[in-house]
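Visitor: Chain residues, written in single-letter form:
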Amino acid sequence: MKKIYSRIEEIAGNVITVTAEDVRYSELALVTSGHGKSLAEVIRLRGNKVSLQVYSGGRGISTGDEVQFLGRPMQVSFSDNLLGRIFDGSGRPRDKGPTLEENLIEIGGPSVNPSKRIIPRNMIRTGIPMIDLFNTLVESQKLPIFSVSGEPYNELLSRIAMQAEVDLIILGGMGLKYDDFLFFRDTLEKGGAMDRTIFFVHTASDPVVECLMVPDISLAVAEKFALQGKRVLVLLTDMTNFADSLKEIAITMEQVPSNRGYPGDLYSQLAARYEKAVDFEGAGSITTLGVTTMPGDDVTHPVPDNTGYITEGQYYLRGGRIEPFGSLSRLKQMVNDTTRADHRGLMDGMIRLYANYKESVEKKSMGFRMSEWDQKLLRYGAFFEAKMMDLTVNIPLEEALDLGWEILAECFQSDETGLQSKLLDQFWPRKSTRDEQETA
Amino acid sequence: MTKTTGTVFGVNGNMVTVDVEGDVSLNEVGYINVGDQKLKSEVIRIRGKQAEMQVFEQTGGIGVGDTVEFSGEMLAVELGPGLLGQVYDGLQNPLPQLAEQAGFFLKRGLYLDAIDKERSWEFTPKLEAGATVSAGDTIGTVPEGIFDHRIMVPFNISGEWTIKKLAPKGSYKVADTICQIEDEKGTTQDLNMIFEWPVKRAISLFEERYKPTEPMVTKVRMIDTFFPVARGGTYCIPGPFGAGKTVLQQITSRHAEVDIVIVAACGERAGEVVETLQEFPELTDPRTGRTLMERTVIICNTSSMPVASREASVYTAVTIAEYYRQMGLNVLLLADSTSRWAQAMREMSGRLEEIPGEEAFPAYLESVIASFYERAGVVRLKDGSFGSVTIGGTVSPAGGNFEEPVTQATLKVVGAFHGLSRERSDARKYPAIHPLESWSKYPSAINDELVAYCRDILLRGNEVSQMMKVVGEEGTSLEDFVLYQKSEFLDSAYMQQNSFDPVDGSVTIERQRHIFRILFDVLASEFDLHDKDNARSYFNQLRQIYLDYNTSEWESDAFKSREAELVKLIDEKRTGYDSTAEDIRNRVGSTVG
Ligand SMILES: Nc1ncnc2c1ncn2[C@@H]1O[C@H](COP(=O)(O)OP(=O)(O)OP(=O)(O)O)[C@@H](O)[C@H]1O
Ligand SMILES: [Mg+2]
Chain A
0 MKKIYSRIEE IAGNVITVTA EDVRYSELAL VTSGHGKSLA EVIRLRGNKV
50 SLQVYSGGRG ISTGDEVQFL GRPMQVSFSD NLLGRIFDGS GRPRDKGPTL
100 EENLIEIGGP SVNPSKRIIP RNMIRTGIPM IDLFNTLVES QKLPIFSVSG
150 EPYNELLSRI AMQAEVDLII LGGMGLKYDD FLFFRDTLEK GGAMDRTIFF
200 VHTASDPVVE CLMVPDISLA VAEKFALQGK RVLVLLTDMT NFADSLKEIA
250 ITMEQVPSNR GYPGDLYSQL AARYEKAVDF EGAGSITTLG VTTMPGDDVT
300 HPVPDNTGYI TEGQYYLRGG RIEPFGSLSR LKQMVNDTTR ADHRGLMDGM
350 IRLYANYKES VEKKSMGFRM SEWDQKLLRY GAFFEAKMMD LTVNIPLEEA
400 LDLGWEILAE CFQSDETGLQ SKLLDQFWPR KSTRDEQETA
Chain B
0 MTKTTGTVFG VNGNMVTVDV EGDVSLNEVG YINVGDQKLK SEVIRIRGKQ
50 AEMQVFEQTG GIGVGDTVEF SGEMLAVELG PGLLGQVYDG LQNPLPQLAE
100 QAGFFLKRGL YLDAIDKERS WEFTPKLEAG ATVSAGDTIG TVPEGIFDHR
150 IMVPFNISGE WTIKKLAPKG SYKVADTICQ IEDEKGTTQD LNMIFEWPVK
200 RAISLFEERY KPTEPMVTKV RMIDTFFPVA RGGTYCIPGP FGAGKTVLQQ
250 ITSRHAEVDI VIVAACGERA GEVVETLQEF PELTDPRTGR TLMERTVIIC
300 NTSSMPVASR EASVYTAVTI AEYYRQMGLN VLLLADSTSR WAQAMREMSG
350 RLEEIPGEEA FPAYLESVIA SFYERAGVVR LKDGSFGSVT IGGTVSPAGG
400 NFEEPVTQAT LKVVGAFHGL SRERSDARKY PAIHPLESWS KYPSAINDEL
450 VAYCRDILLR GNEVSQMMKV VGEEGTSLED FVLYQKSEFL DSAYMQQNSF
500 DPVDGSVTIE RQRHIFRILF DVLASEFDLH DKDNARSYFN QLRQIYLDYN
550 TSEWESDAFK SREAELVKLI DEKRTGYDST AEDIRNRVGS TVG
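Protein chains in written order, with numbering that gives the first Met the number 0: chain A, 0 to 439; chain B, 0 to 592.
Treat the hints as calculated values from the structure; they're not laboratory data. A quick note: this is a predicted structure, and the numbers were derived from the prediction, not measured. The C-beta atom is built at its ideal place from N, Cα and C for all residues, glycine as well. Just so you know, not all the hints are guaranteed correct.
What the hints assert, rightly or not - What follows is a list of derived Cβ distance ranges for each label pair:
| hint | chain 1 | residue 1 | chain 2 | residue 2 | range |
| --- | --- | --- | --- | --- | --- |
| 1 | B | Leu109 | A | Ile118 | 23 to 33 Å |
| 2 | B | Tyr576 | A | Glu361 | 33 to 43 Å |
| 3 | B | Ser464 | A | Glu405 | 30 to 40 Å |
| 4 | B | Glu472 | A | Glu405 | 31 to 41 Å |
| 5 | A | Glu358 | B | Asp455 | 23 to 33 Å |
| 6 | B | Glu436 | A | Asp79 | 35 to 45 Å |
| 7 | A | Ile250 | B | Glu422 | 49 to 59 Å |
| 8 | B | Asp500 | A | Asn393 | 33 to 43 Å |
| 9 | A | Arg120 | B | Glu72 | 36 to 46 Å |
As the list claims (entries may be wrong) - Straight-line C-alpha distance at most 27 Å; calculated DSSO-like pairs for lysine-lysine:
| hint | chain 1 | residue 1 | chain 2 | residue 2 |
| --- | --- | --- | --- | --- |
| 10 | A | Lys1 | A | Lys48 |
| 11 | B | Lys468 | A | Lys357 |
| 12 | B | Lys468 | A | Lys229 |
| 13 | B | Lys531 | A | Lys421 |
| 14 | B | Lys210 | A | Lys48 |
| 15 | B | Lys559 | A | Lys421 |
| 16 | A | Lys362 | B | Lys48 |
| 17 | B | Lys210 | B | Lys440 |
| 18 | B | Lys116 | B | Lys106 |
| 19 | A | Lys375 | B | Lys428 |
| 20 | A | Lys357 | B | Lys531 |
| 21 | B | Lys116 | A | Lys362 |
| 22 | B | Lys440 | A | Lys223 |
| 23 | A | Lys375 | B | Lys468 |
| 24 | A | Lys363 | B | Lys531 |
| 25 | A | Lys1 | B | Lys37 |
| 26 | B | Lys163 | B | Lys468 |
| 27 | B | Lys48 | A | Lys48 |
| 28 | B | Lys468 | A | Lys363 |
| 29 | A | Lys363 | B | Lys48 |
| 30 | A | Lys357 | B | Lys48 |
| 31 | A | Lys362 | A | Lys421 |
| 32 | A | Lys362 | B | Lys428 |
| 33 | A | Lys375 | B | Lys210 |
What the hints assert, rightly or not - Just some of the chain A residues that point at chain B, by a computed CB distance under 8 Å:
| hint | residue |
| --- | --- |
| 34 | Arg45 |
| 35 | Gly108 |
| 36 | Phe182 |
| 37 | Lys189 |
| 38 | Gly191 |
| 39 | Pro256 |
| 40 | Asn258 |
All chains, please: the whole structure from these sequences, using the hints.
Guide: Set out below in structure tokens:
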């Protein structure tokens, strides 16, 4: 047992400093104060001065409190006993279940050797046409939902989770509102998915340092399950809260901020988490869906901006719909050539026409004359928004493709669509029976 | 001589402060002993008896008092035959071999030989005993892929030496002694086929450096025709996320007309490198008939790998590029993204508590970027042959705004600027290079006057388009409307290019010159068009045929018949020729390039 230190020399924010010997970087310590016990992590060593970040925060810690070093870095228990359980950011139970201490694994482990990665190849079906058809989600992808607060991003996240054919769901909540936490729990329970779900939840009222642990702890567990052959879906909501916690610690540590108060290593910090998404050859995979709320609906804000540079695309949620513009799945081309022959062509064609529709809308709003072509586009746009973009639509990809052709045929002549003749010959809907009767 | 040692005094992120006993130098490599691991580190500041070191690994577990061994050497790469086709991390560790030893994950403190010591090479001597040599002189060659890999006198040997013994033609391993040299004082030295060179020092064993003028063909029309890159030149691709920087570099790495491509994946996604990694061994290089991998070296230090080795990775890449230039080869270095490298410097500068500049980047950012691009160049070597290193770097500006330190510092030193625009990529206009903002100081493979004429059409057409947004089509004259249609035609038929189309994806310079004539004819002709609908449908027709023309195999029947269709369609409506264009044509004649 290591020596106990009972003299804290400095307390600033969530960071305390003690004089101690034989301490290692990133090592954990147990801080015992009048308010209970908390873990703390060594974040700076200088001679015998040791600075630690206290998970439960610096508030209420007194200079006379005890610090005991544990001789090990942060760990989490890993076993099937995690399934169906709810934990906080440092791995303590939030439900009524027992504390788990068997088979401890380290968190924040090394990254996958790039030469061991494989090219992603499996589509994840969600039943949402704006995803399946236009921005296909792929197993092992890392992809955030960009939105302003108030949008139904958690609903979208839980819906994808329920619908996706994965073996395991890990929900990492950061600064999660308690109501949202209950919403996730109830949805998964109702859907019968609780027994294949693990929660690591930091709520808005929990200490900020624990928020920082959530992605690492979630991903460490996900990685172990993936290595056992499980296809794991990790949901991280809201990564902007994670970034804000980083900012808070950086400021306490008097680091020079780079952009709007965020530390210079924000990119690397976010990347270290998102890059955990992987498909292991011969084993399972990790797919990561995040939520990144955009302060002030500003996509150039450092958090969405750095995220966009890291992830493999993004879904823009605005007005309760996934926007066709700005949304991007960078991996879609890896899978949409083998789904159905018309997938790529229809995807590009419909988006092109939707872009034309937007131009017509703009022209109209400026009072310019609407040509016959504009009229057709306006009709098309309305159909597209109601039948494809509406998030309540829930149909398999094949039906969504058929629906796409129907919408086109409803609005245009085939040669107005700009689609390849080969596709039109094969997929353009034949006239309905009623039309045929009329001609007859 | 005993090596300098030290003990750890402090740890802050990936920076470790060490109490040193003995002499150390800046950029010297040292190893921190943690348990049974040795963690590679580099000295980045010395203050009194303390050295600050950046650790090329995660620092968890390091404790005060841990011992440090200094190597006496600066951070260096190993140079010799066997580099081509390799996949290295930022410190030149071969990643596939690491995987063989450590499995799925990278393992801290595991460092492997960069060059295979077991492989044999067919050595052919080029000199004889008694010859006088100095650093960089070729003593023999070994075949590496399609190249004659020059076995050279190590670059760090100074003065004149005489060859005492030279191995006869035969099969040798890289570490076998193949040569013995002796200096005036009678000191002898054994040479094998490999040596080390410090990455942060430029290799400058050439006679003369030239101004880059010869085009480096990328087979991207917009680049080669409008914003060309010269062999030995430098260029940058800044752009917001998702605008197409990586895709542009990937296609360049495939199609560029150079001997060797060094891909430096610096702090970006691992998944993107995997595509290159897995596809290149399958793709044939049309110039050589061999796989693309045989002309490629990949330096891969992706975003979740240690930040300090990310900083080193661009230097590792450029040093290998310079090494092959010494063999009279044309080398292209593609770095994606230089912003991540700059950020690695920023992180370290912050830990050193240096006075921060704009956006917390260090004050020396500009000079470091400048001296990196300065390592490009076309040179004449001692034996009279020419070699070049061309550098293209992507820049990832915060918020997509080019008014930021890395973009600005880069723009000051490069010879061409391919700025990607969010509007163009949103509209799926690829490559999303902004045609009005981008520039190049290098000569185009197509006559400059003709190119300037086209750019003028683009500029004026854009003005019309801006006007039209205010006054509508109704308020625009037919003449202006036709000008607008011409600029749209230039953009959609020539500048945009489908990277994923087997034919359109890469266009030889010969073909570019050929199809440019037709483009110029369209832009320079006066047409008999009676109203705007007529004009719109005429240009739509032209565009449709030109797009089919672009996807038809070069000189195939389809290609010829599309061309005939275009010529016919132009002739039918042509009433005359714009007088400025006429002047240029008379001066230039039929030579487009
Ligand atoms: N020339 C192109 N042709 C077709 N699609 C393209 C082209 N360039 C880019 N794209 C599309 O845009 C996506 C993003 O491109 P890319 O990865 O090159 O962006 P980037 O600028 O490197 O972004 P980041 O800064 O985030 O790395 C690609 O996955 C592809 O779908
Ligand atoms: Mg990129």
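Visitor: Compare the distance between the alpha carbons of lysine 116 (chain B) and lysine 106 (chain B) with 27 Å, and conclude whether the hinted pair is satisfied.
Guide: holds (22 Å)
Visitor: Take a quick look at whether lysine 375 (chain A) and lysine 210 (chain B) sit within 27 Å of each other, Cα to Cα.
Guide: Violated - the C-alpha atoms of lysine 210 (chain B) and lysine 375 (chain A) are around 57 Å apart, more than 27 Å.
Visitor: Under the criterion that the straight-line Cα-Cα distance not exceed 27 Å, is the pair lysine 1 (chain A), lysine 37 (chain B) satisfied?
Guide: holds (26 Å)
Visitor: Would the hint on glycine 191 (chain A) stand, with a C-beta cut-off of 8 Å toward chain B?
Guide: violated (32 Å)
Visitor: Check whether the Cα positions of lysine 210 (chain B) and lysine 48 (chain A) lie no farther apart than 27 Å.
Guide: violated (56 Å)
Visitor: Under 8 Å, Cβ to Cβ, is where phenylalanine 182 (chain A) needs to be relative to chain B, so tell me if that hint holds or is violated.
Guide: violated (31 Å)
Visitor: Do the Cβ positions of serine 464 (chain B) and glutamate 405 (chain A) conform to the proposed distance bound of 30 to 40 Å?
Guide: Given about 35 Å between the Cβ atoms, the range holds.
Visitor: With a cut-off of 27 Å on the C-alpha distance, tell me whether lysine 362 (chain A) and lysine 428 (chain B) pass.
Guide: holds (21 Å)
Visitor: Is the gap between the beta carbons of isoleucine 250 (chain A) and glutamate 422 (chain B) within 49 to 59 Å?
Guide: Once the Cβ atoms are compared, 36 Å apart, the range 49 to 59 Å for glutamate 422 (chain B) and isoleucine 250 (chain A) is violated.
Visitor: Do the alpha carbons of lysine 468 (chain B) and lysine 229 (chain A) lie within 27 Å of each other, as the hint requires?
Guide: violated (54 Å)
Visitor: Less than 8 Å between beta-carbons is the criterion; does lysine 189 (chain A) satisfy it with respect to chain B?
Guide: At 35 Å from the nearest chain B Cβ, lysine 189 (chain A) fails the 8 Å test, so the hint is violated.
Visitor: Is it true that the CA of lysine 531 (chain B) sits at most 27 Å from the CA of lysine 421 (chain A)?
Guide: Status violated; Cα separation ~31 Å.
Violated hints, listed in ascending order, are 6, 7, 12, 13, 14, 16, 21, 22, 26, 29, 30, 31, 33, 36, 37, 38; each of the other numbered hints is respected by the structure.
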